[in-house]
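For this one, chain Z is given, so just place chain W on it according to the hints.
Residue numbers (my numbering), protein chains in the order written: chain Z, 1084 to 1422; chain W, 28 to 643.
Misleading hints may appear alongside valid ones.
Unchecked claim - Computed cross-link-like contacts, DSBU-like style, restricted to lysine-lysine with a CA-CA straight-line distance of at most 35 Å:
| # | chain 1 | residue 1 | chain 2 | residue 2 |
| --- | --- | --- | --- | --- |
| 1 | W | K307 | Z | K1273 |
| 2 | Z | K1275 | W | K307 |
| 3 | W | K635 | W | K254 |
| 4 | W | K455 | Z | K1411 |
| 5 | Z | K1411 | W | K221 |
| 6 | W | K582 | W | K637 |
| 7 | W | K218 | Z | K1403 |
| 8 | W | K186 | W | K234 |
| 9 | W | K261 | Z | K1403 |
| 10 | W | K307 | Z | K1403 |
| 11 | Z | K1273 | Z | K1303 |
| 12 | W | K516 | W | K261 |
I should point out that these hints are in silico values taken from the structure, not numbers from a laboratory.
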Amino acid sequence: MSTATLTAKDFATDQDVRWCPGCGDYSILKQVHTILPQLGIARENIVFISGIGCSSRFPYYTETFGMHSIHGRATAIASGLKASRPELSVWIVTGDGDGLSIGGNHTIHLLRRNFDVNVLLFNNQIYGLTKGQYSPTSEENKVTKSTPYGSVDHPFNPISLALGAEATFVARSMDRDPAHLQSMLLASYKHKGSSFLEIYQNCNIFNDGAFEIFTEKASKKQETLMMIHGQPLRFGENNEKGIRLDGMKPQVVTIGEQYSTDDLMVHDETDLNKAWIVARMFDDVHHENHLPRPFGIFYRGERACYEDVMQKQIDDVLTKKGVGNLDKLLAGNEVWEIH
Amino acid sequence: MSTSETLVPLEQVVIKFAGDSGDGMQLTGTQFTNTAALFGNDLGTFPDFPAEIRAPQGTTAGVSGYQLHFGSTEIYTPGDMCDVLVVMNAAALKMNLKQLKRGGIIIANIAGFDAKNLRLANVESNQLEDNSLDGYEVYKVDVTKLTRDAIADLTLGTKEKDRCKNMFVLGFLYWMFDRDMQTSINFLNEKFSKKTEILEANLRVLKAGYAYGETTETFSTRFKVEKAKMPAGKYRNIMGNQALALGIVAASHQSGLPVFLGSYPITPASDVLHELAKYKNFNIRTFQAEDEIAGICSAIGASFGGQIGLTTTSGPGMALKTEAMGLAVMLEVPLVICNIQRAGPSTGMPTKTEQADLLQAYYGRNGECPIPVIAAQSPSDCFRAAFEACKIAVQHMTPVILLSDGYIANGAEPWRYPVTNQLEKIEKKFAAPSEHGEKFMPYARDEKLSRPWAVPGTKGLEHRIGGLEKQNITGNISYDAANHEQMVKLREEKVEKIADYLPEQKIDSGKDSGKVLVLGWGGTYGALKAAVKECIAEGMDVSHTHIRYIKPFPKNLEALMKRFDKVLIPEINNGQLIRIIRDRYLIPAIPFNKIQGVPFMKGELVEKIKEVYNTK
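This is chain Z alone, in the form it adopts within the complex:
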């Protein structure tokens, strides 16, 4: 089968998809299947690796090579696969529990090593598969089965975590915006290095509406900030508002009163300092005068990939020493003979 003729259907498997009806995972699966044929890669050269959780069922529904592994370890397994088989296109599907709690350690180390892989982190701010405990991204005071009086944990900001872990591509999207999600998936794929894509995903059973304010028509334009590289940061019903920097501090301004678009912060994906500013726009939406939540690419930088440096080291040694001679190695440097 030539890759040119592949369609989304070719990436569906014969397995029944068993997420709860209405789950945000369906949309994410659909967008992934939509973009895969556009990559021009044969199915056999793509591998999806997941951990444990609702999102981690993903590989069973995608007609490529795949592994549904153990809790939190998809990133570690993918590291070994990519290091040993750099030519494969490796995708990691994980969630807020899998990737940020039990597997948090592997996630940060994968990002700092900058393997050329794509991390899709489905964030629903809840533990779905274990039926409704709070997660490391749940808001403070969250009442769940394990926190009847409210959670006393402070949540992670996954974007800040990824930037702090030296990720070279950090982006956020959502299940309810197919076009945006597709463009972020494609950008993740195109980036050479570890791509960290946080996807807001609604769990309609245990945490329904967690991201409603960002995804529903009535509030979306007021509450979300769609970042576009090289463009001023604007939002609002008619794009009438913008983000201006007061020193290092972002503030919401209305265009046309005191400020014009020239006064707005211009988004630059390649500027790490600016990335930190937008990453920290993570206010509790219940607070008055909260900032809008940014979506899009926060940061995109260049750094050598682990597997390439590893390969170069091997090639250099091979050039210098030639292919190893096992007999010489077994004999070592000091040999004696008994007759």
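Okay, now just chain W, sitting in the frame of chain Z:
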């Protein structure tokens, strides 16, 4: 050479070098070992050092020792008691005197017995002066002063000069045992090729130590240990972890498969990582992972990708890898897990040896989770054991646990190393797409009951596997009751079936049947062999067999054991193999256990064998 001296021939000698952990005793020991090996002696060594890198100077906690047993006869152990004890300070003497034979030689650095050192060692009086060493032959040498004198004109600081004093000891012992210094001279030339003054200092002190023996009249006796009569062939000296690494390289070579090592540093396993990291031109990739779990998981990723996945660790790391081992059992991919055992539980005694992780390897996972277990029995045997582990993993599509231990990992012995064309090929089989376009079945099985290895990149074999229970043959997720039971049995049967491809268990020493069978596994091999040989020489009807394949056992093991009246199972643990043997074969095996972080001594084994032998 002074004319009055005598050259006493000896069959075998045990020397122990002991000093502060900063005194360079490990280096002194390995240098003497290499020289003895190159000369043609058979030998066994036992490095014994504290876990702390620089334990408090001068204290008993900081004593580092290196025991070497070499001879013109076959040597199986590092020796029970020492003939010669070299001590660099009072603490070293205090800790090691009980291991010196009555009448043995003590060579003491008197600078290590000053008031400060005595206080640090917490001893009331100076044993070198108080007649308590009367039964021994004591040589008091001011090593520190003689070292400083030999290099007085060099501009090095006193600290750097004092660091050379182990070379004085080494030079002196070379004189005492009539050895050539060239091996160590070559070593120093290479080690300090870029530090000319330090090189000069070490060379001078080494020669000064030798000359001291030659010119000082105090010493009139030298010893001569002739070459050992070993089987003809080419030999080298090797340590266990080194041999293990070479076994992996050889398995890669003989299978044509790349090796990927995912590992997290841990004593005493780190040297395997260090070794393999050097072999980048041998199709080996090494990955120092962020933790033990990532070590094994990255290796599983590589196994899935069509390579030999390898992870190396010690007991605490095994505990962390447990869940991932279960995944490898479900995925049925070739993976080798090396546990260089140390004394536990928990952090235990990191630098001390033990065989107490056998039950962990055998049973220690959730669910019915069979993994083949094989054990290495001596430093050089780590090569063969590692090779075998890879072979079983690849040919039976299974994770394999390889058990070594701190004693054989760090111990050294001469090795009649193989040449490549003596090694068998490891056949591998990657799945290919069906010619008739039938759907690929990832859990269909062959005559070994192993499933196909279908690696990413192979067109038409796209499939998904994972830790959830699978439907037989298709590999689809299945919670079906009967299917689960069938899969559990299939996985167990697959591992048991490996026995069809294993060599039969053989008697190592002694007759094929008789009164007492001494049955061991792992690093106790040398001590058991030496003890049983001694018993046989005394006319006792005793035999020794040593198990490499612990899961599955060789098929004839039961019949072999039942040809003896009694089976004695000595282990460096609280009784682990014996539980498996009793459980499986219902024989009243007799335990003999030592759990002190050190190997068996031949003497205590002989005593136990006699007790068992003479009990009705």
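Hint-by-hint comparison with the structure:
A threshold of 35 Å between alpha carbons decides the hint, and for K307/W with K1273/Z the separation of about 30 Å falls inside it, so the pair holds. Only pairs whose Cα atoms come within 35 Å are accepted, and K1275/Z paired with K307/W is accepted, the gap being roughly 25 Å. At roughly 32 Å between alpha-carbon atoms, K635/W and K254/W fall within 35 Å of each other, so this suggested pair holds. A distance of roughly 25 Å separates the Cα atoms of K455/W and K1411/Z; the hinted pair therefore holds under the 35 Å criterion.
Under the criterion of a C-alpha separation no larger than 35 Å, the hint pairing K1411/Z with K221/W is consistent with the structure, at around 26 Å. Taken as a hint, the K582/W and K637/W pair is honoured in the structure, with Cα atoms around 29 Å apart against an allowance of 35 Å. Straight-line distance between C-alpha atoms of K218/W and K1403/Z comes to about 21 Å, which keeps the hinted pair within the 35 Å bound. With a C-alpha separation of about 20 Å, the suggested pair K186/W and K234/W falls inside the 35 Å cut-off, and the hint holds.
With a C-alpha separation of about 28 Å, the suggested pairing of K261/W with K1403/Z holds against the 35 Å cut-off. Only pairs whose Cα atoms come within 35 Å are accepted, and K307/W paired with K1403/Z is accepted, the gap being roughly 11 Å. For the hint pairing K1273/Z with K1303/Z, the CA-to-CA distance comes to about 28 Å; that is within 35 Å, so the pair holds. The suggested pairing of K516/W with K261/W is violated, with an alpha-carbon distance near 47 Å, which exceeds 35 Å.
The earlier numbered hint that this structure contradicts is number 12, and it is the only one.
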